[in-house]
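Student: Sequence:
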Amino acid sequence: MQEKCREFTFILYMSNPADLKKVFVVVPAFNEGGVIREVVTGLINQNYTVVLVDDGSDIPVISLLTGLSIHYLRHPVNLGQGAALQTGIEYALSKNAGFIVSFDADGQHQIADIPRLLDPLVNNEADIALGSRFITGGKHNMPVGRKILLQVGRWLNYLLTGLLLTDAHNGLRTMNRKAASMVQITENRMAHATELLTQIKKHKLRYKEIPVTIVYTEYSKKKGQTVWSSFRIFFDLLLNKIFWL
Numbered sequence: 561m562q563e564k565c566r567e568f569t570f571i572l573y574m575s576n577p578a579d580l581k582k583v584f585v586v587v588p589a590f591n592e593g594g595v596i597r598e599v600v601t602g603l604i605n606q607n608y609t610v611v612l613v614d615d616g617s618d619i620p621v622i623s624l625l626t627g628l629s630i631h632y633l634r635h636p637v638n639l640g641q642g643a644a645l646q647t648g649i650e651y652a653l654s655k656n657a658g659f660i661v662s663f664d665a666d667g668q669h670q671i672a673d674i675p676r677l678l679d680p681l682v683n684n685e686a687d688i689a690l691g692s693r694f695i696t697g698g699k700h701n702m703p704v705g706r707k708i709l710l711q712v713g714r715w716l717n718y719l720l721t722g723l724l725l726t727d728a729h730n731g732l733r734t735m736n737r738k739a740a741s742m743v744q745i746t747e748n749r750m751a752h753a754t755e756l757l758t759q760i761k762k763h764k765l766r767y768k769e770i771p772v773t774i775v776y777t778e779y780s781k782k783k784g785q786t787v788w789s790s791f792r793i794f795f796d797l798l799l800n801k802i803f804w805l
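All residue numbers for the sequence shown refer to our numbering, where the first residue is 561 and numbers rise by one.
Hint data in this document are derived by calculation from the structure and do not stem from the laboratory. What you are looking at is a predicted structure, and each value in this text was computed from that prediction instead of being measured. Hints may contain errors.
Claimed, not checked - Beta-carbon label-pair distances, calculated as ranges:
#1 581 to 672: 15 to 25 Å
#2 654 to 696: 34 to 44 Å
#3 653 to 591: 36 to 46 Å
#4 683 to 627: 18 to 28 Å
#5 761 to 684: 30 to 40 Å
#6 654 to 604: 15 to 25 Å
#7 719 to 597: 14 to 24 Å
#8 627 to 761: 40 to 50 Å
#9 631 to 594: 34 to 44 Å
#10 761 to 628: 17 to 27 Å
#11 685 to 623: 33 to 43 Å
#12 655 to 744: 17 to 27 Å
By construction, the Cβ of each residue, glycine as well, lies at the ideal position given by its N, Cα and C atoms.
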């Protein structure tokens, strides 16, 4: 009976655009004035429910989104992307979200990839779908230096979590309600990506990597991860690993 219910829900979801409102897209934003309206408008046009978490931007993001129908949350001070994601996930769950998508605010992620990431969830093949630009079908125009940095991070994640992914620090991902309820992000900043993998293994959540396209622009490159921030992530993870033990 349970499997039949899942199949029925899937048919409704695919055939009725209104059911896309069960998909809550959490968008953490910090000083993203250059592109945020375009990103949010694109999501709304596809009938997704948008939860924008303004992570203490210098100018409140809501002032840039006049006339758009979204759920707006704001941290009074900048806490970091991990904290913003956790705030958004908890809020989406409180609004009875069926599926939650994490989506960057800088324009790198492609809205067209979201249905592909939702498929294994609605088909009950996975609890979490993780975007990858490095598996067959994935695309990117990443600078060589950043690609090397991410490959190093991939193996570091494996040492810390036991999960070897092709793209461990891709912020485009989807999760069903079960997974979202189990995930508790305590790493406020970028180290949350590794923490999420630890929780996937801890809770024995089913996961699947899905090819996605990541487009780097001059704007997003300026907002991206630097070598220094990567070292900071490493030390954050190392300290937490010590305390986990």
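Student: Look at each hint and say if it fits the structure.
Tutor: Taking the hints in turn, this is what the structure says about them:
Here the CB-CB span from residue 581 to residue 672 is close to 19 Å, well matched to the stated 15 to 25 Å. The beta-carbon spacing between residue 654 and residue 696, approximately 38 Å, falls within the hinted interval of 34 to 44 Å. Separation of residue 653 from residue 591 is about 27 Å and departs from the stated range, judged on CB atoms against 36 to 46 Å. Between residue 683 and residue 627 the beta carbon distance is about 36 Å. The supplied range of 18 to 28 Å is therefore violated.
Between residue 761 and residue 684 the beta carbon distance is about 20 Å. The supplied range of 30 to 40 Å is therefore violated. For the hinted restraint 15 to 25 Å between residue 654 and residue 604, the CB-CB distance of approximately 20 Å keeps it satisfied. Against the hinted window of 14 to 24 Å, the Cβ-Cβ separation of residue 719 and residue 597 comes to about 40 Å, which falls outside the hint. Taken as a hint, the range 40 to 50 Å holds for the pair residue 627 and residue 761, whose Cβ atoms sit roughly 43 Å apart.
Between residue 631 and residue 594 the CB atoms are about 22 Å apart, so this pair departs from the stated range of 34 to 44 Å. For residue 761 paired with residue 628, a C-beta distance near 38 Å fails the hint of 17 to 27 Å. Checked against the hint of 33 to 43 Å, the C-beta distance between residue 685 and residue 623 comes to roughly 41 Å, which is consistent with it. At about 18 Å, the CB distance of residue 655 to residue 744 agrees with the hint of 17 to 27 Å.
In summary, the structure is inconsistent with hints 3, 4, 5, 7, 9 and 10 from the numbered list given earlier, while agreeing with the others.
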